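Chains as they are written, first to last, in my numbering: chain A, -18 to 274; chain B, -18 to 274.
These aren't lab readings, by the way, just hints derived from the structure by calculation.
As the structure is a prediction and not an experimental result, all values here were calculated from the model.
There could be a bad hint or two in this list.
Note that identical chains are pooled: a pair holds if it fits in a single copy or bridges any two copies.
Stated by the list, open to error - In silico SDA-like pairs for lysine to any residue, Cα to Cα no more than 25 Å straight-line:
| no. | residue 1 | residue 2 |
| --- | --- | --- |
| 1 | K183 | L97 |
| 2 | K80 | A255 |
| 3 | K246 | R130 |
| 4 | K183 | I228 |
| 5 | K183 | P229 |
| 6 | K80 | D(-2) |
| 7 | K256 | A207 |
| 8 | K256 | A223 |
| 9 | K256 | G186 |
| 10 | K183 | A227 |
| 11 | K246 | D5 |
| 12 | K183 | G93 |
| 13 | K183 | S251 |
| 14 | K183 | R130 |
| 15 | K183 | P231 |
| 16 | K246 | G93 |
| 17 | K246 | E74 |
| 18 | K183 | S88 |
| 19 | K246 | D92 |
| 20 | K183 | G145 |
There are 2 protein chains.
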Amino acid sequence: MIAVDWGTSSFRAYRLDGHGTILDTSVSPRGILTVTDGRFADVLRQEIGPWLEVERRMLLSGMIGSRQGWREAPYVACPAGGAEIRQALIPLELDWPGKAWLAPGLSCRSDGVPDLMRGEEVQILGALGELGEDGGLICLPGTHSKWARVARGRIMGFETHMTGESFAVLRQHSILGRLMPPAGQEQDPEDRAFAQGLARAKTGGGLLHHLFGARSLGLMGDLPVAGLPAYLSGLLIGHELAATAAIPGPVHLIGSEALTERYSKALTLSGRIAKPMAPDRAAAGLHFLSQGL
Amino acid sequence: MIAVDWGTSSFRAYRLDGHGTILDTSVSPRGILTVTDGRFADVLRQEIGPWLEVERRMLLSGMIGSRQGWREAPYVACPAGGAEIRQALIPLELDWPGKAWLAPGLSCRSDGVPDLMRGEEVQILGALGELGEDGGLICLPGTHSKWARVARGRIMGFETHMTGESFAVLRQHSILGRLMPPAGQEQDPEDRAFAQGLARAKTGGGLLHHLFGARSLGLMGDLPVAGLPAYLSGLLIGHELAATAAIPGPVHLIGSEALTERYSKALTLSGRIAKPMAPDRAAAGLHFLSQGL
């Protein structure tokens, strides 16, 4: 089968055998935002044309199933596991002798406010085996960090934290970026400034107040300006961790090596247990979903 | 005398008589960021040349006294009142028969982190008379909101909240802005969405999580997209108020009419007492500082 994880800014496809073993991989920066006039079928052929000659089943997840994607696959309400998500797969019409489906995203509500994910649920399904029967807490750090509670193979609920995107817009577009070195020239985030930001997040005053410290500490010479990006990162991740501190148990991390390392350090410094997992679970999750189709 | 409040994005000057009564006003968008090659003296002559012919004393406050301004007037540590600030005035050399001084900014520390203001301290000095002997709590809402505690004519300490700037960068540069109507076409901030954002800020989950609601509520049709800017504004102001809730007493507000109205509503909805003050106190503050020079 073909498993496609097609997000906003990247395209990742896997050719899998019947056991879910990856036979071939195709990765490109052709996320859905780069596709004009709805020419998703053309891009698919350009990226994995030869696979389409030999395979007859394809499952796609991520923003490709959103309103901005190929076709909308409506959100499924939590609690939801493989069965609920499989039932909500949307068949995709394609000039191809095989069968293709779009995976839906998930929704949940807390305090009357909806939360949404699209793509991460497949990563979580791919990690279920490693989690065990009892499930647990999974964090997928990133632009929009997702914190999901899993029990008996189902995602019970989750929350999104705009940590990575807040870091990016504050650094690139707010006054905080003016003192900072250009991206790539900052100090290692594992340094003292990152820990200082984390520690600051544990004190009172609120995030909007703490943010200004990423300027004033530099202006007053308390922190070298090369450490200001790490300090800001520590502040934001620290606030994310403080807001999720009430959720008990070890935190299973799925993400890039750099992000997983940073969150592991932050969790450990907060007295919590970090359990890094293998980074990319989309292929495994889509293979799991394809069972019985 | 001439009182000049010269900030990052605007220039405001006042000609005052001996009692501090405003005889003439000059306002322009020539903030220090628009001045190239340090040509501050030229801009000053272009804006208030005729006043320089007749007046012989001038006091300038705001970012004009920063490292990016005409000359740096170092920060004075709190507690500081008229006496401490007056002592730290920096004489400004100018091809002019009169005398000119730059006002310093203020600094303070909490939890080992410095905080800074430059310009707002003059507004606060200008409001001292209205506050009375006991002083009180003053909030100057804006791009960087300042909350200052005043006692016996001195600013004891303060904190900055990056509320306005966070709103601007999230709206203009994050995914939250994509669903929102163009600036100017949003609903009145006094509406239901603003109150909903304020209420959400009182629940747990943290600001980084709450921010995502300004997208998901729109995507799921829970909130009309025209109300999303007001919701985001309510969220951010609500978090600012939650972080300052431990500071007792009524909150005296100095700011534009629109901001003062919005903060008054937010404070009242939070069960606190809002005391709007007259909006622009720079002239009064600089006149007060000029006494005895």
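Of the hints stated earlier, which fail here? 2, 7, 11 and 17
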